[in-house]
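> Residues per chain are reported as follows:
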Amino acid sequence: MSERSIRLKLEHIVKAFPDRGGGGMVRAVDDISLDIYSGEFLTLLGPSGCGKTTTLRLIAGFELPTEGRILLDGQDITPQPPNKRDMALVFQNYALFPHMSVYDNVAYGLETRRLPRQQIRDKVQASLKQIGLEKLDNRRPNQLSGGQQQRVALARSLVMEPRILLFDEPLSNLDAKLRVQMRSEIHRLQRRLGITSIYVTHDQVEAMALSDRIVVMNKGRIEQIGSPQEIYRYPATRFVADFIGRANFIEDVPCRNTGGGQAQVDLLGKSLNVPIRFEHHAEKVTVLLRPEALVLREDPSLKQVVIDQAMYLGSEVEYVVSIDDRQLVVVEQDPRLSRVYAEGQTVGIDFVAEAVHLLPR
Amino acid sequence: MQAMRQSQQVKRLQAIFRDPLLAVVLLLMVFFVTITIVLPLVAMVGESLSPEGLPLFERYLSNPVYQTILMNTLVLGTVVGIVGTLVGFLFAFVQVKLRVPFKRAMHIIALIPVISPPFAVATAAIVLFGRSGTISRGIFGVRYDIYGLDGLTLVMSLSFFTIAYLNLRGMMEALDPALDEAATNLGANKWRIFRTVTLPMLLPGIASSFLLLFVEALADLGNPLVMGGNYEVLATRVYVTIIGLYDTTGAAVLSIILLVPSLTVFLVQRYWINRISVVTVTGKPSGTPQTIDHPLVRWGLFGIVIFICGIIVLIYGTIIHGSFVRVPGVRWDFTLEHFDFVLNGIGAQAMRDTTALSALATPIAGLIGMVIAYLVVRKDFLGRNLLDFSTMMGIAVPGTIIGIGYILMFNSPIMIGDFTLIPKLTGGQGAFGGALAIILVYVIRSAPAALRTGTAALSQIDPSIEEASLSLGADNARTFRRITLPLIRPAFLAGLIYAFARSMTTISAIIFLTTPQTKIMTQQILNEVENGRYGNAFAYCVILIIIVMVAISVLYFIVGARTGAERRLEGGL
Amino acid sequence: MMNKKLMSLAGIVGGLLLVGAPAFAQDTLTVLCTPQEDWCVAMTAAFEEQTGIDTNYVRLSSGESLARIRAAADNPEFSVWWGGPADAFEAAAEEGLIEIYDSPNTEAIPENYRDEAGYWTGVYVGALGFCSNLDVLAELGVEAPTSWDDLLAPELEGFVAMAHPATSGTAFTAFWTVVTLNADALEAEEAGTGYDEDGAPTQAAVDNAFEYFAALNNNILQYTRSGSAPGSLAGQGEIAVAVIFSHDCTKLQLEGFDGILTTTFPEEGTGYEIGGMAIIANAPEAEAARLWYDWALTAEAQAIGPTVNSLQLPTNPDAPVSELAVDLTSITVVEYNFVAAGASRVAITERFDAEIATAPTE
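Chains as they are written, first to last, in my numbering: chain A, 1 to 361; chain B, 1 to 573; chain C, 1 to 362.
So here's chain A without its partners, still in its complex pose:
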């Protein structure tokens, strides 16, 4: 993994659209630079309107950037039309050709490349087998279920063995169970085939499950790039922390820089040294504590909280507790090992020190 080559490079990409109302321009993508490595699975994650889909369409070539360059394997492809880019896009609504059979759908791209008939047949059949639809090759798209349609769409792209596989929220039209199933199928196929993939979603769980790296976007800009772990554990901004998973923010926590990338904070009655990952000048910081990093214990020596709400969810129990003037969310894993506290009860609160993450104010 250390010798990874850069497959795709985005350099200062800007995409501006005319403003709908006024005469101005809106920057849907605002100065994005990004390297995508060969063989990696990269996800563009963000709320709707953050520019992730536009970025994907810029990569695919459906849109032209207003500024900036796109390099594929070191070659500038910015002006190239989509069909010259050797990328294949899996669409949110599958975009199967309704007038063609499953077989013809999958064979379409290969025919465009003018491969020999037999080779096309072999490849299509192998591809259909891969997704378990080899028996439905004569069907029309409207004779397939949603999951099957998405599989065909996937096969249609995979069979091209593109340099980059692009996904535009491919699972959002599926029901929850199918989504999980397809998610693992995409994961399995991508890992096995090692195709460089760029995936767009607004679903953080999907992003976490599939990605080698996640790019969190907001308002056309990149908030943070990192592995799922980095993104979850060490979000760079409050936006990222809030968007990925659930978060308790404890504001205005006094903080002293003790040097060596460490800082001393006072938290829930404790004073501790934690790593600080940003340039720090202020007296106070915001502390991020994930709900699962908080622990409730009947221990009078701890800071005491009142249980406002307790929800038993099977694999976990979720509490909302009051401390001082604020509320915190606490998730206790594996409730078999501990008891479930009643609403109104007063208990002590503790936290896993390694999970404490500091954010700039």
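Treat the hints with care, as some may be off.
[What the hints assert, rightly or not] Derived lysine-lysine pairs resembling DSSO-like cross-links, with alpha carbons at most 30 Å apart:
1. K84(A) to K379(B)
2. K219(A) to K379(B)
3. K129(A) to K177(A)
4. K9(A) to K219(A)
5. K9(A) to K379(B)
Hints were generated in silico from the structure; no laboratory data involved.
Take the given structure of chain A and dock chains B and C to it, following the hints.
Below, chains B and C without anything else, positioned relative to chain A:
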């Protein structure tokens, strides 16, 4: 910001020129439309704004006679637009939403008026419903005065409603049934669904149907000539101004006046459609359309449609019957002399010429319509709306104006230096004996319908289906050929059929362009009608109808033949 | 791909048309023909047979003809114009669209059937008449009209048709006939009130004619565009009486309406038309055009009309006259002033349009 906008426009152009073929096609279309539609119109406008023309505007518009004519024109256009669209809607609704017998027959009957040779329907209507009409006088014993607005509304609505029918039927079938289901789910009854879901979704189709019928009614010359009575409209007035007063300038001025309402409706419709356009066909079709089973609705609408079918059958029956009798409406003894007259006499050359020219114009018109629809709906380029608009001018402009425009523009070659850009097109010494001008007029008169049906069909197809093709390595041309065209094939076929039928039956636009070398059937029909030889006229019509029928079968065979299953899926047209 | 397809289509178009493209040799002639189509066919076929000149024609009404010649004045597509009312030829001469030709055969044609200056020569003559449907007349209980005033009978309300003077030479002839009759009547009362010093009817005569047509308007069902169209309306029983040229009525009778239609003439006087012929200015095939011109004035050429049921009277006194054709000596014909008629045409048609054709009928 300004600089950024400009650079954005440059980028948009770059997007087109990324694909040289696309750029070539685009330039070709722009060139074609400019030469064949814009320039003749410019010549026309130029004529009307000449020192002789300008004062005429005031004279005409302040004259109560012309005010009445203008009013008549608008009323007729509106009434025919509404009635024709309504009839088309009813037919479409019965086809798609009701479970009733004889649907196939009703479909075919609804298609018949596509092939309405000018004067035929009006003449037959007079034979049937006129003052000595076989039905009005013969059965009901009344001398019904069919001449005027009521008669015109009847014959024009019957002649033109097919456009609305095909348009709306296509849209109704394409409506996602899930929407109906969703609405039912929300507790809406069928009427409410119709009002709140179906109708709003169909509004673009209804609007464009109305537009087409409106301009069609405004431009129609044949029907008002035969049964206008004293209800004079602008189209006949333009005709009169040339034929009677030998006044091209006056005709140009009146034409410009006639253009104003057409263009206004056109612009309103465009603006409106852009605002409410809906995308309903995605890559994932689902379900079958729900039918409406309320007996009153079902059999009531069925009855109305059957009644209208009856009138159409009666009229066309009269045309066919009339071609075999000595004097239709008067002398009912059997004769073949009319067919002898047409087939062995003057008619033979007209038949050959008209068919050949129409056959050449049809694929060009269909393809140009679809290509421009594709460019306009799918591609973003400077002047996109202008291209669409200019192409639509081909039909928004009444035929006589096009004819005069051609004469003014193409009577001498267009030169750039010593290079002949466009040779002389009109008249006997025009290119190919003037036939090229006629083909071009046929093309520009029928391409707009193909463009509209193509646009309607395309805007219902999710662009991502085409993007998928691009993303799989196919270029724009292949995508258009393999994906877009097959998906809009019903619209394409409708466009082709319409183009052929339209070319075969058009008169006003080519009345000035016929030459000794090219004889056109419709003009022969006009001669026969004017001379009261209805039998000959009907025989011409019957032969014309047969030619168009054969052509439609051929088109079905060529365009619809790719897979049988698909044809069945599309259920005919 | 797309443009390749278009190119090949263009190729097909070009190829097919090249095959059909005419040869522009000297031995061709293009005739602009205004009378009925079958007459045009018969005439061109006969000429072609006689001379070997490949002869084509385009049939256009007189108004269209004029517009078409005018539009192509720089580069005319026709060489000779045959048929159609003389006033259209007068207009063409005024605009320099036709040229003087002094044919050796003109001598044979009576002077009142040709232009003094030699721009045009008459090739046929037709008289205006009333073409009535006998069944409808019987039903309405009226006789076939024999005077202009008969048309005003209240029984005929909505049962009379004529063409619009603006579009139809026929209808204008009818109007001018009534003007002439009124001028005669005024002149009879007091000299100088009916005609001015140039021999043109006075404004008073014109006003009286308008009064007549305003009264007639109540009985008119429709002003058709084509001069002969009212005849077929009468044949179909849509109306009782059509004001048309008598030869058009006879033609209808010969083509199926025998026993249904009858022709009558106004006793006080009726108008007539002269069908003209002229060489187009700068004619591309001038020589052949002159040949046609000479030929069309012969008795032989003027005998062709009756063979296709076109029963206009020949202008060549030697041409045989069909017994079905109207005998101009048996009816009263008004002194028709073509020059004055041509000069008043625009004013009259416009006034007719404003005061009569668009006025509401009761």
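> Is K219(A) within 30 Å of K379(B), Cα to Cα?
holds (27 Å)
> Straight-line Cα separation of K9(A) and K219(A) no greater than 30 Å?
holds (21 Å)
> Would the pair K84(A) and K379(B) pass a check requiring their Cα atoms to be no farther apart than 30 Å?
holds (18 Å)
> Does the structure keep K9(A) and K379(B) at a Cα separation of 30 Å or less?
Distance ~27 Å between K9(A) and K379(B) Cα, so the pair holds.
> Taking 30 Å as the top limit, are the C-alpha atoms of K129(A) and K177(A) close enough?
holds (22 Å)
When each numbered hint is compared with the structure, no violation occurs for any of them.
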